[in-house]
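**Student:** Residue numbers (numbering that gives the first Met the number 0), protein chains in the order written: chain A, 0 to 575; chain B, 0 to 70.
Accuracy of the hints is not assured; some may be wrong.
[Claimed, not checked] Derived DSSO-like pairs: lysine-lysine, alpha-carbon spacing no greater than 30 angstroms straight-line:
{"hint": "1", "chain 1": "B", "residue 1": "Lys1", "chain 2": "A", "residue 2": "Lys336"}
{"hint": "2", "chain 1": "A", "residue 1": "Lys407", "chain 2": "A", "residue 2": "Lys477"}
{"hint": "3", "chain 1": "A", "residue 1": "Lys92", "chain 2": "A", "residue 2": "Lys412"}
{"hint": "4", "chain 1": "A", "residue 1": "Lys477", "chain 2": "B", "residue 2": "Lys53"}
{"hint": "5", "chain 1": "A", "residue 1": "Lys410", "chain 2": "A", "residue 2": "Lys498"}
{"hint": "6", "chain 1": "A", "residue 1": "Lys435", "chain 2": "B", "residue 2": "Lys20"}
{"hint": "7", "chain 1": "A", "residue 1": "Lys476", "chain 2": "B", "residue 2": "Lys1"}
{"hint": "8", "chain 1": "A", "residue 1": "Lys405", "chain 2": "B", "residue 2": "Lys53"}
{"hint": "9", "chain 1": "B", "residue 1": "Lys1", "chain 2": "A", "residue 2": "Lys477"}
{"hint": "10", "chain 1": "A", "residue 1": "Lys403", "chain 2": "B", "residue 2": "Lys53"}
{"hint": "11", "chain 1": "A", "residue 1": "Lys140", "chain 2": "A", "residue 2": "Lys476"}
{"hint": "12", "chain 1": "B", "residue 1": "Lys53", "chain 2": "A", "residue 2": "Lys476"}
{"hint": "13", "chain 1": "A", "residue 1": "Lys403", "chain 2": "B", "residue 2": "Lys1"}
{"hint": "14", "chain 1": "B", "residue 1": "Lys53", "chain 2": "A", "residue 2": "Lys497"}
{"hint": "15", "chain 1": "A", "residue 1": "Lys405", "chain 2": "A", "residue 2": "Lys140"}
{"hint": "16", "chain 1": "A", "residue 1": "Lys405", "chain 2": "B", "residue 2": "Lys1"}
{"hint": "17", "chain 1": "A", "residue 1": "Lys336", "chain 2": "A", "residue 2": "Lys435"}
{"hint": "18", "chain 1": "A", "residue 1": "Lys25", "chain 2": "A", "residue 2": "Lys410"}
{"hint": "19", "chain 1": "A", "residue 1": "Lys407", "chain 2": "B", "residue 2": "Lys1"}
{"hint": "20", "chain 1": "A", "residue 1": "Lys413", "chain 2": "A", "residue 2": "Lys403"}
Don't read these hints as lab results, they were simulated from the structure.
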Amino acid sequence: MNDPSLIIPPAFILIGGALLLPFLTKKVRAWFYLIVPLGALIGVMVLPAGEGSRVTLGLFQLTLFHKDALSLVFGLIFAFIALAGALYSFHLKDTAQQCASLLYAAGALGVTFAGDFLTLFIFWETMAFTSLYLIWARQTKESYAAGFRYLIYHALGGGIFLAGLVLYYQANHNLALKALSPKDGPASWLILLGVVINAAVPPLHTWLADAYPRATVTGAVFLSAFTTKAAVYVLIRVFPGWEILLVAGSIMTVYGVVWAVLSNDIRGILAYHIISQVGYMVAGVGLGTAMGLNGSAAHAFSHILYKALLFMGTGVVLEATGRSKLTELGGLSRELKLTLFLYMIAAFSISGVPLFNGFISKSMVIAAAEESHRTWAMFLMLLASVGTFLSVGLKLPYFTWGGKEKDKNLKIKKIPLNMHLSMALVAFFCFLYGVKPGLLYQLLPFPVHYQPYSLPHLVETIQILAFTLLGFWLGRKKLAPHAQIVLDIDWLYRRPGKKAGYFLLQKVWAFFAWSERLATQTVKFLAAWVKNPVRAPWVKISPASPYSPDRYRPSIQAIISVLLVVFILVMILTLI
Amino acid sequence: MKRIVWLAAVAGFSMIYFEMKGFHEIEAGWWLKIPGFFIIFGFLGCLLLLIVAKVLGRAGLLQDEDYYERS
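Next comes chain A alone, as it looks inside the complex (with noise of 0.2 angstroms):
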């Protein structure tokens, strides 16, 4: 175990299982499923701190595994979340959603493990990859075109972040990870614009929005966990005290929330909470202080637990009763009080109320503004906050479970136990962590000298939690939800950006077949007129095809293959 050449990195664990999950039987296949993350987690646990699993790749020398105090609290969340996603999902029968899921979280731990860039990005694109599976499984025609768009803005994130990566490697003839700073030229730049794709900082957040709200019941719990925590995660590690990380972060936590406040669809809401909660983890490594850092890296470990607790519960309800429409949901609260009860769990996590672990971590962050004399970062948190007991911790249970049934012929289907553990087991750690913040607090990387149950803190958020509730409680008509989608700036490429790409493609291929029908006619004319100049003018001369854009795919696609295997043989026989 002390060699460092014959340490397994944890993510390899998780392929592994992944790859060989699909040759076994129906029945072990579950528990292999289960088994697979809780030895990553193992893995995490007990691999010594340090360097090890080197590889060469062409000219790179490759480090898989590289553990440090940062390294080692991401790996233990996303582990134990991989673990806590498979006991969700351990009725389901699709194998190939199983094996995504194994290698999403594959790609997320070797991110976290990662000892340089080029390991770093391979892992990267493979969780954009796997998890796009996750939202394509839904089989919808909405998750089809969501899955599509959210391909386009990770490929996208990815070719900047590689962009980057290349330049980086021009300047400094190694790809070793370390801390990068604005005065690294547009190496760091790009780098750092490929991360907060990743992020979803806004206005790069789309994807989030649109993707997650429409991805399986189990594929949102893994999403929900690993994409944007490993970015954050990366900005931890690379960014740490870059400004414009602490603006736009600020900025992030409300624009979620105003958002959310928006959304009728229970995950949609979530979705937003997602981006809003980021938000404080980007402003903590735009603080760059201890306390900024540890406060991010304590969060993303919190938000982890929570928010996959809450798309547990909202997907129990989507399993349940097929609906996730806030205007379609109501009166649950009988049929469904379990989910309910641990719902609130994570709705109070989330919030930040005292004795669970948003509220020891959440407070992290906005203390270190403060400490920072960062005012405005600390009351933009903090009305962020606000919005956030007002829409996860009220808004959604209340229309959901509260009220009247909207539909009375609305079936209830039997959840599986599973789903209920597993949704506990999370539970438990939300409240564990709240009320044992030292547990915690002793992972993180920097020494904590922070107290969150302090007299002032305490006074200051039962002051805003009780008087948001009476907010609530006095405007909920105006909270009322409508069936009716919000739009946001993907509208810029979903709507004139489709005129933009009528113009541009079809209207194109149509000057193409204008122009190769000219050609040929005239080509055609001076062929007969060459042969015979008097009789040219009566010659009748056939006319041209129509121009085709897929005429020349066909042998394109063939070349591109070819060259595609042979990349990969040239890639295999470099590795052996």
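Fit chain B to the known structure of chain A by using the hints.
**Tutor:** Just chain B, lined up with the frame of chain A:
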């Protein structure tokens, strides 16, 4: 629910007692010198978010569910 709301409001108000005892003297911010500042902040913040969301919704952000299908 109504009872919980009013109990919470009373609990929030009663917190002013602790503020009056002066524990905020050690803190720096001007806002901590205003008793019940976070009562006002919580209530007005809630109303502000609600109003901003409503205004944005009426300004065109809220659209019919088939908005993107019918182009």
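**Student:** If a hint holds in the structure, say so; if it doesn't, say that too.
**Tutor:** Here is how each hint holds up against the structure:
1. Straight-line distance between C-alpha atoms of B/Lys1 and A/Lys336 comes to about 20 angstroms, which keeps the hinted pair within the 30 angstroms bound.
2. At most 30 angstroms may separate the alpha-carbon atoms for a hinted pair to count; A/Lys407 and A/Lys477 meet this at roughly 24 angstroms.
3. Restraint check for A/Lys92 and A/Lys412: satisfied, since their Cα atoms lie roughly 17 angstroms apart, inside the 30 angstroms limit.
4. Proximity of A/Lys477 to B/Lys53 is assessed by CA-CA distance (about 8 angstroms); at most 30 angstroms being required, the pair is judged to hold.
5. Straight-line distance between C-alpha atoms of A/Lys410 and A/Lys498 comes to about 42 angstroms, which puts the hinted pair past the 30 angstroms bound.
6. Straight-line distance between C-alpha atoms of A/Lys435 and B/Lys20 comes to about 28 angstroms, which keeps the hinted pair within the 30 angstroms bound.
7. Of the supplied pair hints, the one linking A/Lys476 and B/Lys1 holds, its CA atoms being roughly 14 angstroms apart against a limit of 30 angstroms.
8. For the proposed pair A/Lys405 and B/Lys53, the alpha carbon gap of about 23 angstroms is at most 30 angstroms, so the pair holds.
9. In summary, the hint linking B/Lys1 to A/Lys477 is supported, as the alpha carbons are separated by about 17 angstroms, within the 30 angstroms threshold.
10. For the hint linking A/Lys403 to B/Lys53, the alpha-carbon distance of about 24 angstroms falls within 30 angstroms, and the restraint holds.
11. Proposed proximity of A/Lys140 and A/Lys476 is contradicted: the alpha carbons are some 33 angstroms apart, above 30 angstroms.
12. Our distance criterion of 30 angstroms between C-alpha atoms is met by B/Lys53 and A/Lys476, whose separation comes to about 12 angstroms.
13. Our distance criterion of 30 angstroms between C-alpha atoms is met by A/Lys403 and B/Lys1, whose separation comes to about 17 angstroms.
14. Only pairs whose Cα atoms come within 30 angstroms are accepted, and B/Lys53 paired with A/Lys497 is accepted, the gap being roughly 28 angstroms.
15. For a cut-off of 30 angstroms, the pair hint linking A/Lys405 to A/Lys140 stands: about 26 angstroms separates their Cα positions.
16. For the proposed pair A/Lys405 and B/Lys1, the alpha carbon gap of about 22 angstroms is at most 30 angstroms, so the pair holds.
17. Taken as a hint, the A/Lys336 and A/Lys435 pair is honoured in the structure, with Cα atoms around 27 angstroms apart against an allowance of 30 angstroms.
18. As the CA atoms of A/Lys25 and A/Lys410 are separated by approximately 29 angstroms, the hinted pair is consistent with the 30 angstroms bound.
19. Among the hinted pairs, A/Lys407 with B/Lys1 is consistent with the structure: their alpha-carbon atoms are about 26 angstroms apart, no more than 30 angstroms.
20. Of the pairs offered as hints, the one joining A/Lys413 and A/Lys403 holds, with about 20 angstroms between alpha carbons and a cut-off of 30 angstroms not exceeded.
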